[in-house]
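Read top to bottom, the protein sequences are chains A, B and C.
Residue numbers for the first sequence, in the numbering used here: 1 to 843.
Residue numbers for the second sequence, in the numbering used here: 1 to 223.
Residue numbers for the third sequence, in the numbering used here: 1 to 387.
Think of the hints as simulated: they come from the structure by calculation, not from any bench.
Check each hint, because a few of them may be wrong.
Think about it this way: if two alpha-carbon atoms lie no more than 25 Å apart in a straight line, the pair counts; the simulated DSS-like pairs of lysine-lysine are [what the hints assert, rightly or not]:
{"hint": "1", "chain 1": "A", "residue 1": "K390", "chain 2": "A", "residue 2": "K635"}
{"hint": "2", "chain 1": "B", "residue 1": "K11", "chain 2": "A", "residue 2": "K726"}
{"hint": "3", "chain 1": "A", "residue 1": "K557", "chain 2": "B", "residue 2": "K11"}
{"hint": "4", "chain 1": "A", "residue 1": "K390", "chain 2": "B", "residue 2": "K11"}
{"hint": "5", "chain 1": "A", "residue 1": "K243", "chain 2": "B", "residue 2": "K11"}
{"hint": "6", "chain 1": "A", "residue 1": "K233", "chain 2": "B", "residue 2": "K11"}
{"hint": "7", "chain 1": "A", "residue 1": "K633", "chain 2": "B", "residue 2": "K11"}
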Amino acid sequence: MLKLSAAAAAATALPLTVPRPRRHGRLALQGPGAASGERVAYTACLICGQRCPLKVYVREIGGRQVPLRVVHNTDGVHDQYFATCGRPQTMFELQYLEERIRRPLLRVGKRGEGRFREITWEEAFNILAEKLKKYLDQPWRIVVVAHQGCEAGIVRSTLSKALGTPNTTHHCDTCHTGMDQGHRFIFGKTKGPAAFQPDYPNAKMIVLMGRNPMGGIVASAWTKMFSLAMENKAKLVVFDVRKSRLTEHADEYYIIPPGTDLAVSLALMNVILTEKLYDADYLVKWTNAAMLLYTDTMEPVELADNPAMKGKKTYLVYDEATGKYVLKTEARKPSLEHEGTYNGRPVKTVLAVLRDAVKNYTPEWAEKITGVPADAIRRLARELAEAAPKAFIDHGYKGARYYNEGMLKRVNMMINILLGSLGRPGGLAYPAGKPHLVNPFSLIGLKTTSVKGTPIYKYWAEKGVVNPISKCWSMLLVRSIIEGKPYPIGVLIISRENLVSHAIGGRKLAEALRDEKRVDFIVVMDTTFNETVAYADLVLPVPFFFEYESPTLSYAKKSYVSIITDLQKVVDPPPGVEAKPEYEILLEVLKRLGKLPADAKIDPVTVKTEQAKKLGLDYRGIRRRGFALLWTKPKYHPWGGKPLPTVTGELELVNVKLLSEYHDYLGKESPLNPLPVWIPPLWMKQRKSGLGGDEFVPVEFQDQLTAVNTFMRFSRIVRDALEWKKVYGVIIHPERAKRLGLRTGDTVRVRGPVGEVKARVIVSEDVHPVVLAAPHATAVDTGAVPVEFTVETKNGARKVRLFSNGGGYGINNNFLANPFVSVVPEEGYRAAQHDFIVKVEKL
Amino acid sequence: MRVAMIIDLNKCVGCLACTIACIRENIARYGEEGPGFPEGNLTYYARTKPVMLTQPYVAEAVHAFIQCMHCDDPPCMHVCPTGATYKTKDGVVMLDHSKCIGCRACVIACPYGARTVYRGPAPRGEPVSLESLAPGYPDKCTFCSHRRTAEGELWTPACVEACAFGARLFGDLDNPGDPVARMVAEGRALALYPAMGTEPKLFFVPPMRGPAVPRKREEVSGQ
Amino acid sequence: MRRGLAALGVVGLVLTLLYAYAVYRYQTLSEASPLHALVPWGLMVTGYIMFAFSSGGVFDSMAIRLVFYGEEHEARAARRLMWLALALLIPGVVTVFADLLHVEHSPWIYLGFNPSSRMAWNGVLYVLYAVFLLAALLYAIRRGDEALLTRPGKALLVCGLVTSLALEYNLAMVYGVNAAVPGWLAAPAGILGVALAFLLGAAWTVIGLGIEGEEEARRAAAREMTLAAAAVGFLTLWTLIQEWSWGLAKPAEEIMVSGKLAVVFWPAVVLGILVPLFTGYPLSRRGRVAGAVAAAITVFGLFLLLHGITAAGQVARLEALETYNTLSIHALGAGYVDEALHELLASPPELLAVVGEFGLWMLLYAAGLAVLALRPGEKPRRLLVFR
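Using the sequences and the hints given, assemble the complete structure.
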């Protein structure tokens with residue numbers, strides 16, 4: 001009996017019941033390189049969009065091709081530019097997620113109910129073509145939203161060119177647009193996260209605000225250099241709302257209330273300017289710091305054509321060498337802090353104007369807002385100046401959390417300029433360049449048509465939205481869908497963009513999407529079921545990036561040396577998943593619309609060969625290695641190499657053009673104020689006397705294993721890791737939890753202005769008491785969006801549940817915030833996704 | 001040859017590539033319906049588990065990994081009645097499943113918490129190697145010994161291979177030219193609980209704070 | 001008497017069936033829990049330690065009385081006592097195997113003998129002890145009780161005694177000397193084990209002979225309970241002092257004396273040490289039943305004491321070693337101590353198995369008394385040993 005029961009237990013183990021010597025190493029693998037039976041495939045990871053080159057070893061095991069080893073692809077020599085994080089290591093699991101869409105689906109029942117039936121691809125192509133045909137004479141009513149995947153850009157541009165729609169966009173306004181807009185004041189045009197490269201390995205001191213290169217997305221290569229900085233013992237100072245792996249590495253960190261880093265930055269600037277800690281030579285040479293302004297009207301005293309820089313202006317300065325007012329081009333020693341009278345009117349240099357603009361933002365003032373000791377701010381400013389130019393405030397990445405983030409990014413960049421660190425080794429360098437890749441459809445005789453109609457963003461610009469960015473207005477799209485303006489949308493094509501989860505909208509958006517009058521037909525192309533699929537009329541399954549041969553070369557997104565990557569097929573989608581990549585879908589649909597010859601075909605290898613040729617590269621080499629390096633060094637130059645698109649061509653500490661454009665905003669707490677100014681975050685404005693006992697500011701963070709590609713949260717590995725790390729849920733400070741009677745594991749209702757989610761509480765000292773923090777997109781407002789789907793198949797109905805591996809008790813701010821309030825109309829209506837208040841109630 | 005591993009906590013960014021690579025190589029099994037996993041939290045069953053350590057290096061908590069230390073003088077091997085836990089010529093502490101009686105003395109003996117016991121149902125599918133997680137056995141890291149190809153030659157464990165940040169090094173302590181041997185000899189890489197006399201061969205480079213240590217890397221010259 | 005034995009046998013049979021069921025449940029358990037590694041040694045481990053100690057203790061004091069003092073009344077009780085020792089050893093050894101996760105590989109204990117492993121030596125010592133015990137028993141049955149007082153008889157007893165003492169010491173040291181389990185039983189583990197064996201042995205003798213047997217030997221054992229209880233009390237105190245004074249082991253002492261295991265430890269002190277110390281002998285003088293009750297309480301108390309120590313070491317480890325601490329927090333959350341204690345104290349199959357272990361003893365002991373030629377001077381009539 002004993003033996004029997006033991007045997008039963010052993011039956012589940014290895015078949016090793018009889019004593020016998022060990023069979024050692026029967027299944028020996030090799031170390032580096034491929035073992036027998038293994039093949040190597042190259043691709044690049046598209047889970048977050050960074051496109052880190054990958055080398056994948058595939059082996060047949062258990063009757064399937066398994067991506068068994070995932071290694072960062074590198075040339076060895078420039079290894080510091082190559083890395084990959086833990087996310088692509090999950091690809092073996094991603095393939096088999098329960099949530100995968102297996103066949104094309106057509107909606108049955110009401111939109112938003114989550115009921116579909118499987119159809120053939122042929123049917124799907126015909127349905128989509130018919131719908132598009134209906135709007136070909138009003139192409140602006142066809143709206144394309146695409147971001148992730150190898151060919152999102154191709155989807156947008158091809159559909160725009162072929163159909164003539166001006167309405168193509170993606171989600172950057174819920175991501176980094178605040179930064180882009182803030183930088184406009186210095187560089188004369190928007191500059192996003194990819195425009196700079198923090199020179200971590202050479203830095204002596206790094207200050208991080210709102211950026212976590214260790215846990216964030218689109219970071220791996222940066223992370224690698226950052227880890228080199230840690231190895232080199234650069235001093236790291238972190239301002240954040242929660243403790244993390246990053247704060248652990250920090251020499252100093254400060255947990256501050258959300259959206260208040262701007263106060264710290266203004267105080268740092270105050271100290272740098274009042275104590276004259278700036279790099280005077282740098283400011284004179286590369287910036288307009290010496291430019292004289294009339295103090296009364298805040299206008300440049302004199303601008304003149306710059307003989308040395310075509311199309312640029314030079315300006316009047318005070319020459320300390322001669323004691324005269326001359327043009328900068330003629331001055332020997334332009335004064336940086338001159339104040340005097342010119343033409344009988346008071347004049348001041350730009351730097352002096354700045355100094356006065358921030359003179360009230362003392363460290364003591366900042367301490368009151370942020371809790372960071374004034375002495376620490378003063379000391380940090382001095383330390384930054386001492387370590388400069390090998391010291392900088394990281395320019396960051398995300399800039400759509402708080403209302404004041406544009407100003408924050410602007411002030412931080414100004415500090416880097418004052419320190420003379422921008423474009424210097426050890427400071428903030430520039431990427432070497434960016435390749436241009438030919439659109440594959442332009443190679444196969446696509447019939448183009450001119451773009452017609454008013455784009456949605458322009459309509460809203462006329463209604464008072466300032467500076468919308470033409471490629472980047474998903475929040476305005478949400479507003480258009482909700483309000484039905486300027487026109488009802490005909491066909492909304494969403495490709496690998498979980499719009500409902502990404503954009504602030506909550507129940508307002510959900511309700512609008514259900515209305516067929518506001519949007520006639522919704523097509524979603526994606527890998528897995530998600531919140532957006534719930535509203536689709538037609539669902540088209542696309543493969544994961546490693547399941548097909550990309551029809552285009554790509555480049556590592558934040559590659560300051562430009563790494564061309566080649567996404568080759570690693571493994572097929574699992575049996576039963578009939579996915580087709582976007583380019584094949586486009587090809588079939590455009591043929592049916594007569595936009596392509598009937599025999600048009602895209603051969604990915606031919607396209608990539610052509611693209612490589614135009615870049616002066618040999619594709620065979622790229623194919624063999626999976627990547628090519630276009631340059632090998634970042635640019636160290638304060639302007640990034642050539643004059644900037646500002647009036648003066650210089651870095652403008654006060655932007656000449658915008659100074660006149662936004663003159664009315666001087667003195668106002670506005671992102672459009674041409675001078676640095678404190679702007680409180682919206683939540684602070686809403687609760688001047690402080691938050692109520694049950695009120696929090698909700699903060700979503702990217703964990704090391706989450707990404708904007710929301711399929712990651714469906715992975716068992718990811719769920720387990722988040723649970724293991726004790727971050728799956730809403731993290732609340734013990735002080736607040738105690739008062740609310742909350743303990744770890746409790747379930748709470750988190751109620752925002754337009755929606756609510758249920759969440760699990762984690763009580764931890766790791767967060768600021770004001771904050772309620774949770775990993776990105778880990779909850780669904782079930783009152784607005786279905787989490788269960790029914791698919792009618794040939795073999796009966798199949799149920800699919802989101803979070804089938806467990807989870808779903810975190811947060812998603814986009815279901816909670818008000819799309820008309822938590823936005824910044826002054827910065828193109830970009831989102832302020834964390835800038836609102838939620839109420840927490842124990843269930 | 002005495003193989004050893006170093007985890008540089010300065011370089012480690014906590015991305016968990018190592019942990020997932022370990023799950024893929026040693027824990028998951030593979031079949032027609034995709035990967036099969038053990039029940040429970042996968043991270044726990046990974047043979048290298050991320051944790052927050054507060055001692056003995058730093059006053060403030062630091063992320064580290066719990067993993068078999070492949071002690072030169074392994075208590076788990078000493079207590080094993082059947083010789084199921086044994087040390088290879090290369091110094092890797094291994095488990096011979098066919099000899100293990102499941103007394104858990106090794107689990108008790110290990111001061112590092114490096115051995116787990118999974119008693120749930122076997123994951124569905126085929127394991128990558130004979131050393132994969134098997135239910136009812138005191139599971140442990142094998143330094144991916146199944147990847148070894150030849151006597152006296154180093155191999156690459158899955159976690160080391162997956163780490164793109166160079167935070168994991170694998171090498172030979174008997175080879176003075178090996179970076180691992182050098183870092184250990186220089187005292188840059190430290191073992192956990194050295195006082196226990198187990199002589200671990202997994203070392204950590206503890207996190208170092210900026211101002212405490214002079215910079216040593218050559219700086220890249222300017223424009 | 002016969003009816004009493006039959007009743008004991010029936011209860012024993014029922015509990016043995018329970019034991020079989022519990023072992024089946026334990027062996028076929030399918031559950032993923034970090035506790036299987038964080039606190040791997042549960043009630044069944046304590047169960048077999050206690051039965052092994054008990055068997056050894058019964059044999060030790062009997063052998064000492066015969067070999068060194070030549071007590072004749074003890075010789076008359078010897079066959080019953082040796083059967084008692086065997087009936088205690090069998091449930092212990094069966095539980096050793098029942099507790100293994102891969103009993104099918106157990107030949108490797110001998111085939112793959114690891115000399116540095118105390119557990120491997122246990123394997124050998126169990127066998128040697130069992131062989132000498134069995135040989136002495138057969139010798140006494142075949143040659144008569146007095147034969148034990150002859151030179152070959154004494155030789156067998158001495159061999160049994162030496163292996164039994166070695167087994168008790170070694171078994172305790174398996175738990176006592178372990179780098180990872182600070183002060184599990186601290187340095188006095190081995191000697192505490194031997195003392196526990198004597199106390200348990202005396203108590204079991206009082207119970208066993210209380211059922212049927214020599215009054216004088218029973219009273220002698222009851223007197224011995226007092227002495228052994230004093231020794232166990234002293235060594236327990238010594239253990240606590242050692243733990244208390246050694247940093248890493250301190251949590252083990254704290255959790256027992258004033259922590260979450262105090263509810264186990266203090267009752268164990270009262271039942272397992274104070275009861276035999278103060279009531280063992282007086283009650284035994286009053287009568288067989290009263291004596292057996294005191295002894296049974298003692299056995300129960302000592303089981304609690306042993307399990308308290310076993311559990312405390314494992315839980316203390318989760319507190320004392322940073323690696324275990326962090327692992328516990330990650331795997332089980334902040335309430336890991338409660339989880340661990342629950343697993344150690346209240347795992348249903350293990351609890352049932354321990355109860356069943358007593359049943360197996362009852363069944364064996366009653367059956368032996370009924371069919372074996374164990375009475376003083378009794379000659380076997382059938383099949384060498386049967387009456």
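> Between K390 (chain A) and K11 (chain B), is the straight-line Cα distance small enough, at 25 Å or below?
Replying inline: OK: K390 (chain A) and K11 (chain B) at ~20 Å, within 25 Å.
> Are the Cα positions of K633 (chain A) and K11 (chain B) separated by 25 Å at most?
Replying inline: With Cα atoms ~22 Å apart, K633 (chain A) and K11 (chain B) stay inside 25 Å; holds.
>> Between the alpha carbons of K233 (chain A) and K11 (chain B), is the straight-line distance 25 Å or under?
In response: Since the Cα atoms of K233 (chain A) and K11 (chain B) sit roughly 11 Å apart, the hinted pair holds (cutoff 25 Å).
> Does the alpha-carbon distance linking K243 (chain A) and K11 (chain B) stay inside the 25 Å limit?
Replying inline: Distance of about 18 Å is within 25 Å: holds.
> Is the Cα-Cα distance between K11 (chain B) and K726 (chain A) 25 Å or less?
Replying inline: 23 Å, holds
> Do the alpha carbons of K390 (chain A) and K635 (chain A) lie within 25 Å of each other, as the hint requires?
Replying inline: Measuring from Cα to Cα gives roughly 15 Å; hence the hint holds.
> Taken at face value, is the distance from the CA of K11 (chain B) to the CA of K557 (chain A) at most 25 Å?
Replying inline: 23 Å, holds
The structure shown violates none of the earlier numbered hints.
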